[in-house]
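Q: Read off the chains here:
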Amino acid sequence: MRKGTRLRLVLRDLGSGFAFASMAVSGQLPIWSLVLYGVALVVALAGRRPFANRVTLTALLLLAVALTLGTNVLAGSLNLVVAACAFAGLISAQRLLSTPDAATDGQVHLSGLLMVAGGAALSGELVYGLFLIAFGVLASIALALGVVESAVPEGEPVPVRAVMGPLATGVGFAVLGAVAFFILFPRLNWNMIGPSASPGLGVATAGFSNTVRLGGAGTIKGNPRIVLRATLSPDPEKEALDAYWVGRTYDVFDGMEWSNARATSDGSESMTTLRPGRENLIHQRVELMPAYGARTLVALETPSRLGNAVANTQVGSRRTQIHELGGGEVRFRDSGISYSYEAYSLPPGASGDDIQDLPPEEQDALLSLPEGLDVRVGQTAARVLNGERDPLAAARKLSAWLQREYSYTLELSGDVPDPVADFLFQRKQGHCEHFATALTLMLRTQGMRARLATGFFGGERVTGGYVVRAGDAHAWTHVLVPGRGFITVDATPPAHRASQSPRLLEQLINFYEVVESQWRDVVLDYNFRDQLTVVRSLTRSHEVPKKDEPPSRAPPPRAFGAALLAAAAAYTAWRLLTQFLSRERPLEATRFADAVEAQLASARITRVDGETLEALDARLARERHPLSPALAPVARRYLEARFGGRPLQQGEAARLLTDLRRAVLTESQRVASEGTRPPQARAS
Amino acid sequence: MNQPARALSPVPSLANARSAMERIATQLGRAVQGKSSQLQLVVTSLVAGGHVLLEDVPGVGKTTLAEAMAKACGLSFARVQFTADLMPADVLGAQVFHAQTATFQFRPGPLFRQLVLADELNRAPPRTQSALLEAMAQGQVSLDGATHALPAPFTVVATQNPVDFSGTYPLPDSQLDRFMVRMSLGHPTPEVEAGLLVTRDGTPPLDAVETVSGPEELASLRSFAAALRLDASVADYVVRLATATRSHGDLERGASTRAVLALGAAARANALWDARDFATPGDVHAVLVPCWAHRILLRSAVQGVSARDEAAHLLEEIARKVPAPR
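Protein sequences, first through last, are from chains A and B.
Residues in the first sequence are numbered consecutively from 1, following UniProt numbering.
Residues in the second sequence are numbered consecutively from 1, following UniProt numbering.
One chain only, chain B, in its complex shape (with noise of 0.2 Å):
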C-alpha cells in the first residue's frame, strides 16, 4: 500500500471536501477512462458513507475501479470472489485453534479491510451473501458469540452480472437495500477503447493511480457531509417521492425507508460537488435513479436489463410528476 503522497489535511471548509472529492474523481478517471459522471457517483456514495453495487458485464473495468478507489483514497482493500462454495467463514473469517496455548483465536477474514470488493456477489450461496450484508449493515461481524468490529471507514463494492444469472442466487430484495447505490460503467467509448490499444504499453492502469486522500479524511468528509443542511421542503420532497413510488400503479413495492434516508445522504453528498453546504432538489435529481432504481420492485418483474431500465424511467416519471420545492 502507497502512503499518501503529501499530508492530508482534514475536511475543514466547503473548497476543501470539494477539492478532496476532485482529487479522489481525477485519480479514479486515471484508471477508468471516459466514464467521469459514473466516478463521480463513486465519489457521492463513498462520502454518503453508503455501499456501491455495479452491475455490468465482465470486462468494463469493475475491478479495476474498486481497486482504483483503494489506492486513491488509501485504504486497505481485499477482492472475494464469490463462487457457488464460498462459505460465510471464508468472508468473516474464522475461529482457529492455537496449538502452543491450546485456545481459539480470530483470524479475521477479508472482510477486515476498509474497502471489500465483492466480485460477483450473486454466486455465492445465500448464507454467505446474508453473512456479508450483516456486516455491510452493522460495520461489525459476530462469530461465536465475539463481536468483531470492522475497520472504518468500511466499504463494500460488491458486482453483480446482470446478464447471466443462470446458477446464482440473485440479491433478495431487502438485501439490496442495502446497497446506496447500483450502477454501471458500461462499455467504453470506441475513443476511449481506441486510446486503450494505443497508449496502453503493458503497465496496468492501477499504476497510474496516485494515493491522495486517507483514511482520516474520508472520515472527515463522511461526518462533514452528514452535517450538511437539508431544507424542511427538500425533505418532504424526498418523502413526496417516496410516497408516490409506494402508491404507483406499477410497482409492486415503493421505496423503503431506509431508501429515504439513503437518497438524503447521497443528495447531501452531491451538494459537495457544487460547493454547497446544504442539498437542493437539484442534487435529489442527481442521485435518484442510482439510489432507488434497484430498491422499487415492478410488478412485472423481469430479471436483467429490462427491468433496471424501466425502473429508471418509472423513477424518471415519478419525479416529473412529483412538483419539486421552489
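Looking at chain A on its own, in the form it has when it is part of the complex (with noise of 0.2 Å):
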C-alpha cells in the first residue's frame, strides 16, 4: 500500500462514520443497525478490509438484511424512511470492509451522501448540522487525496504534506457546500416514532392526557422552559400576571385519576365557541411552543372562543382544524411542532357557565365521589365548613383552611392505594394537585358541585408579551356557582401556584429560548415553501403594472440580475475551484532540489536568474568550487529522479541532504577559520 493511502482512506472511513452519525443522533434507527456499523467501522479505521475476498457472500447478507427490513416495513413495524435510512448505513459499513478500490471509494462517497440526507429526513437538530459539515470536510479531503494520489507516478510517494496546504481552500469549499445543503436541504422530520420529535431538551410538560393521575405532574414544577407565548389585548400591563390559563377540566375521580364523563365530540372546523361572547373580551395571541408538547390549546380563564389555528410543521405553516372534547379541551386535530392562535376569554369573575347548559351525565359527575373514599373526608369538610351552604363561600372557607393546615411539597408521595387519604391524614402535605383534588372532593362530600381544571398560573413579561413556563403547570378547582357558572377556586397555598425553578435556570433558559427560537425560524421553519418563497420574491417584481399595458410575458429584470448574480457566483467558483486542480504540484524530486538550493544558499552560494540547480551544479564545477565535488553526486541524484525515471527511494533524500549539510558545514568553518586567522608574517 502506498503511503499516503492510509491516511485517504482513514479519512473516508471517518467521514462515512460522521455521515452516519448525522442519521444515528435521530434516535430513529434501530439499535441493532447502530452496533452493526459500529463495529464495521471500528474494523475499517483499524485498516482491517475482512470483505474483500468476500463480495458475493456479503452482499448476500446485504439481501437478507433488506428482506428483514422489507418485512418489519409491511408488518408496520418500522417506518419505511427509518428502514431505508438504516439499509444505506449498513451499504456503507460492507463497503467500508471491502477491497479500497476507486469503485468502493466512490461508493462509500455515495453513501455517505445518502445517509447525510437520511439524515435531514430524520432529524433537524443543530447537532446533525456539525456531523454533516464534519462528513463534508473529511470526504472532500479524502477525494482530494485521492485525485492527488492517481496524479504521483506509481511509486512516487503521495506528498501528502504539501497538498494538506492548498487543501485548506477545498476544505473551506466543503464547509460552505455543506452549510449550503443544510440550509437548503428540506428538513421532512415527519415525527415517525414517537408522538413528538420535538427539537432541543425534549417534551417539558406532562401534556393534557385524558386523565390525571394524582401525583403525577409534580416533577414538572421546577421545569422553567416556555411553553406558551401570549400578546393579551387589552394589556394588563403588569410585570407578574396571577392569571389562570385552562386546557381542560376533569369532572369523574376514581380515587387515583381524574377523567371525563363525557366522550369526544366529533365536530372539528377552525374556530370553536365554548361560551356566549359578551363585550370586553380579552384577546390573546397564543403560541405554544414545542416544550409544550401537547395539541391542546390553552386560554386565560374563561375562554370563550379559540381559533384561526395554524400548526406549525416541518414542511410548513399551515392552518388547521381544532375540535373540542370533554371537559371544554380543545385541542389541534394535526400535529405540528408549534401551533399559534387567537382565543377569546371573558373578563376574570364573569362566566356564562351555567349548570342548564351541561348534559345531564356531566351534572352526575360534578357530584360523583370514588368508591371507598375515606369517611374521614367527609366528616373534616363537614366540620371545617360547620354548616356554610353556600358552594363560594365553603369553597373559600375550606381553600384557607387546606392552606392554613397543610403544607406545599414537590416531593411525590409514592404509589399509595388512596392518594387523598393519604395526603389529608398521613402526610399532609402535596402539591398543586393533591390541594385542588381535596379540595373539589371534600366540595362533592357536602352537596356541591365542582370539577378539576388544569393548565398554566401566572405568566412573565417579555418583551410586550408574556411567557408561561412548564413549571408553571398547575391544578386548581372550579366550583358550580348557581346563577354564576363555574368560580375558580385555588387551594394550593398563593407562594407555591407559579413555577419554582430557580431565577439563574430561567435566565439560562431564557438565552436558549432564544437560540432554539432563531434556529427554529431561520433553519427548521426554513423550508421548501419558504425557499420557493425566496425564489418567488426574487423574481417578482413589486412594481403595480401600469393598467393600459397588457402585462409582460417576460420574466421581471430583476430576474435576470438574479440569474447573472448566480452565474457569476457559479463561474467565480468554477474559476478558483479549476485553477486549485490544475495548480502543478511540486514532485518529490523538485521538493529536493529545492532543499538542496536552501543548504547551498546557507553556504552563499546562489543561483541566479532561471538557473536549475544542473546549471548551478556545472557552475561550481566549471569554478573549481570547493563544494562542488560534494555536490556534484547530489545534483547527479536529482537528474536522475527528476529525468531519468529512477525516483528517490525511502529516506534517500534526507541521507544526501545530511551529506550536503556536513560538507556546507565543513567548508564553512574553514572559510571562518581562515578568515579569522591572522595573516602570518612569512619570514623570508
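These aren't lab readings, by the way, just hints derived from the structure by calculation.
The reader is advised that the hints may include incorrect statements.
To give an idea of the chain B side of the interface with chain A (calculated C-beta under 10 Å), a few residues [stated by the list, open to error]:
1. Ala227
2. Arg253
3. Ala279
4. Arg308
5. Asp309
6. Glu310
7. Pro323
8. Pro325
Quick list of simulated restraints, FRET-style, between CB atoms [stated by the list, open to error]:
9. Thr243(B) / Ala168(A): 33 to 41 Å
10. Thr56(A) / Arg240(B): 46 to 54 Å
11. Ala52(A) / Arg240(B): 39 to 47 Å
12. Ala162(A) / Arg240(B): 48 to 56 Å
13. Leu665(A) / Ala275(B): 27 to 35 Å
14. Val127(A) / Thr243(B): 52 to 60 Å
15. Gly561(A) / Arg299(B): 19 to 27 Å
All residues carry an ideal CB built from backbone N, CA and C; glycine is no exception.
Bring the two chains, given one by one in their own frames, into a single complex with the hints.
A: What follows is the structure, given as C-alpha cells:
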C-alpha cells in the first residue's frame, strides 16, 4: 500500500462515520443497525477489510437484511424512511470493509451522501448540522487526496504534506457546501416514531392526557422551559400575571385518576365557541412552543372562543382544524412542532356556564365520589364548613383551611393506594394536584358541584408579551355557583402556585429559548415553501403594472439580475476550483532540489536568475568551487530522479541532504577559520 | 583508408559510448587543436545522426576537420568542391553507356561515401544544392527512375564562407533546416598558432589521427543515443522553447518541427558525454544555439556574421525567459 493511502482511507471512513452519526442522532434507527455499523467502522479504521475476498457472500447478507427490513416495514413495525436509512448505513458498512479501490471509494462517498440526506429527513437538530459539516470536510479531503494519489506516478510517495496546505481552500468550499446543503435541503421530520420529535431539551410537560393521575405531574414544577407565549389585548401591563390559563377540566375521580364523563365530540372546525360572547373580551394571540408537547389549546380563564389555528410543521405553517373534546378541551387536529392561534376570554369574575347548559351525565359527574372514599374526608369537610351552604363561600373556607393546615411539597408521595387520604391524614403535604383534588372532593361530599381544572398559572412579561413556563403547570378547582357558573378557587398556597425553578436557571433557559427560536425560524422552518418564496420574491417585480399596458410575459429584469449574479458566483467558484485543481504540484525530486538549494544558500551559494540546479552544479564545477565535489553526486541524483525515471528511495533524500549539510558545514568552518586567522608574516 | 587499430566492440553500455565519443574527439583534437568544445559538438552531431554546417573563413581547418572525422571513425570519405558550374550529376553520379554490354550503368558520384565534405556549398547552383540536400534528407539518390541507397552511416559536412557572398547562391532557409548543427571553428588561439609553427615539421596534421572507431560502432552509437530517455517535461520544455521562438517579435520565422526533433536528438547525444541515459534541460541548453541559430529567421534579415550572432543572442535570451523544468 502506498504512503498516503492509509490516511485517505481513514479520512474516508471517518467521513462515512459522521454521515451515519447524522442519522443516528435522531434516535430513530434500530439499535442493531447502530451496533453493526459501529463494529464495521472500528474494524475499517483499524485497517482491516475482511469483506475484500467475500464480495458475493456479504452482498447476499445485505440482501437478507433488506428482506428483513422490508418485512418489518410491511408489518408496520418500522417506518419506510427509517428502514431506508438503516439500509443505507449497512451498505456503507459493507463498502467500508471491502477492497479499497476506486469504485468502492465512490460508493462509500455516495452512501455517505445518502446517509446525510437520511439524517436530514430524520432529524433537524443542530448537532445534525455539525455532523454534516464534518462529513463534508473529511469526505472532500479524502476525495482530493485520491485525486492527488492518482496523479502521482506509481512508486513515488504521495506528497501529503504539500497537498494539505492547498487543501484548506477545498475544505473551505466543503464547509460552505455543507452549510448550503443544510440550509437548502428541506427538512422533513415526519415525526415517525414518537408522538413528538420536538427539538431541544425534549418534551417538557406531561401534556394534557385524558386522565390526571394524582401525583403524576409534580416533577415538572421546577422546569423553566417556556411552553407558551401570548400577547394580550387589552394589555394588563403587569410584570407578573396572576392569571389562570386553562387547558381542560376533569369531573370524574376514581380514587386515583381524574377523567371525563363526556366523550369526544365529533365536530371539527377552525373556530370553536365555548361560551356566549360578551363585551370586553380579552383577546390573546397565543403561540404554543415545542416544549409544550401537546395539542390542547390553552387560554386565559374563562375561554369563550378559540380559533384561527395554525400548526407549524416541518414542511411549513398551515391553517388547521381544531375540535372540542370532553372537559372543555379544544385540541389541534394536526400535529406540529408548535402552534399559534387566537383566543377570546371572558374577563375575570364572569362566567357564562350554567348548570342548565351541561348534559345530564356531566351534571351527575360533578357530584360523583369515588367508591370507597375515606369517610373522614366528608367528616372533615363538614367540620371545617360548620354549616356553610353557599358553594363559593364554602369553597373559600375550605381552601383557606387547606392552605393553613397543609404544607406544599414537590416530593412525590409514592404510589399509595388512596392518595387523597394519604394527603389529608398521613403526610399532610402535597402539591397543587393534591390540594385541588382534596378541595374538589370535600366540596362534593357536602353536595356542592365542583371539578378539577388543569393548565398554567402565572405569566412573566417578556418584550410586550407574556411567557408561561412548564413549571407554571397547575391544577385548581372549579366550583359551580348557581347563577354564576364555575368559579375558580385555588386551594394551593399562593406562594407555590407559579413556577418554582431557580432564577438563574430561568435566565439561562431564556437565552436557550432565544437561540432555539432563532434556530427554528431560520433553519428548521426554512423549508421548501420558504425557499420557493425566496425565489419568487427574487423574481417577482414589486412594481404595480400600468393599467393600459398588457402585462409582460417576459421575466422581470430582477430575474435576469438574479440569474446573472448566480451565474457570476458559479463561474467564480468554478474558476477558483479549476485553478486549484490544475495547479502544478511539486514533484518529490523538485522539492529535493529546493532543499538542496536552500542548503547551498546557507553557504552563500545562490543560483542566478533562471539557473537550474544542473546549471549551478556545472558552474561550480567550472569554477572549481570547494563544494562542487559534494554537490556533484547530489545534483546527479536529482537529475536521475527528475528526468531519468529513477525516483528517490525512501530516506535517500534525507541522507543525501545530510551529507551535503556536512560538507557545507565543513566548508563554512574552513572559510571562517581562514577569515579569522591573522595573516602570518612569512619570514624570508 | 586505414584499418581500425584494434577490434572495436559495439556499444553496450553508457561508459563504452562515452569512451568511444571521447576517443573520437581526442583524435579530432590531434588534427584541429584548441577547439575541444567545437569538436565535442561535432561528435555529438555525428552520434545524433545529423549533418554539420561549418561556417567559417578559409584556412581555419574545416577540410582538415572533415577528413579527420572520416579517418578517426574509419569512414569512407569524399570531398566535393562546390563551384558555380557543378552539376547534380557531378555529385550524385550518372548513367553511363557501357559499350560492350550496350547498357546504361550507374556510376556513383562522390556522394556515395560515408562522410562527404561539401566544400563551399553556397557556390553551387541551386539545382546541385538541392540534389545534395535531398540526398541528405532521404539517405538515397533517385536517378532516372532507379533508387540508389547511400552508404550508412551517411553524414555530410558542408562548409560555407560567411563573409564572401558575392556570386554565391545562399542556401534557402528550408534547406538550412536539414543541417543538425551549424558551427564555426574560428581562428586558433595565438598559443595554438605559435605551437603550430614550432611543432609542424612538414607532416600533414591528418597523419597524427588514428582510426579509433568504425561504421558499425558509429551505427550502434547512433541507435544507442536515439533510444535514450527524454522525460516528458524535457520534451515539453523543447516545445515551449520552439513556441517562444515562433511568437517572438524579432523573429520572422521560429523553429520548425524538424528543428524540435533535431534539438531532441542532439540533447540525447549530448547526454552521453555525461554518461547519462537520459537527457536533461542542461543538454538542451548545451546544443540549443548550434542547433537552432541557423533555423530561425530574423526580421531584419542581414546575412553574415552579425545575423548569426544576433540569432544566437536571441536564442540565449529565450532560453533565459522560458523556465526550465525543475
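Q: The structure should be examined with respect to each hint, and the outcome stated for every one.
A: Outcome of the hint check:
A least Cβ separation of about 13 Å between alanine 227(B) and chain A goes past the 10 Å threshold, and the interface hint is therefore violated. Given the 10 Å rule on beta carbons, the hint for arginine 253(B) is violated: about 25 Å separates it from the nearest Cβ of chain A. Proximity of alanine 279(B) to chain A holds as hinted, the smallest CB-CB distance being about 7 Å (cut-off 10 Å). With its C-beta approaching chain A no nearer than about 24 Å, arginine 308(B) sits outside the 10 Å limit, and its interface hint is violated.
Below 10 Å, beta-carbon pairs count as interface contacts, and aspartate 309(B) has none with chain A, the closest being about 21 Å; its hint is therefore violated. Checking glutamate 310(B) against chain A: minimum C-beta separation of about 21 Å lies over 10 Å; hint violated. Interface restraint check: proline 323(B) against chain A, minimum CB-CB distance 7 Å, threshold 10 Å, status holds. Restraint check, proline 325(B) versus chain A: the minimum CB separation of about 7 Å is within 10 Å; hint holds.
About 34 Å separates the C-beta atoms of threonine 243(B) and alanine 168(A), a value consistent with the hinted range of 33 to 41 Å. The hinted range of 46 to 54 Å is satisfied by threonine 56(A) and arginine 240(B), whose Cβ atoms lie roughly 52 Å apart. In this structure the supplied range 39 to 47 Å holds for alanine 52(A) paired with arginine 240(B), their Cβ-Cβ distance being about 45 Å. For alanine 162(A) and arginine 240(B), the Cβ-Cβ distance of about 24 Å falls outside the hinted range of 48 to 56 Å, so the restraint is violated.
Checked against the given bound of 27 to 35 Å, the beta carbons of leucine 665(A) and alanine 275(B), roughly 30 Å apart, stay inside it. A hinted range of 52 to 60 Å for the beta carbons of valine 127(A) and threonine 243(B) is consistent with their spacing of about 56 Å. Under the hint 19 to 27 Å, the C-beta atoms of glycine 561(A) and arginine 299(B), about 50 Å apart, miss the expected range.
When each numbered hint is compared with the structure, violations occur for hints 1, 2, 4, 5, 6, 12, 15.
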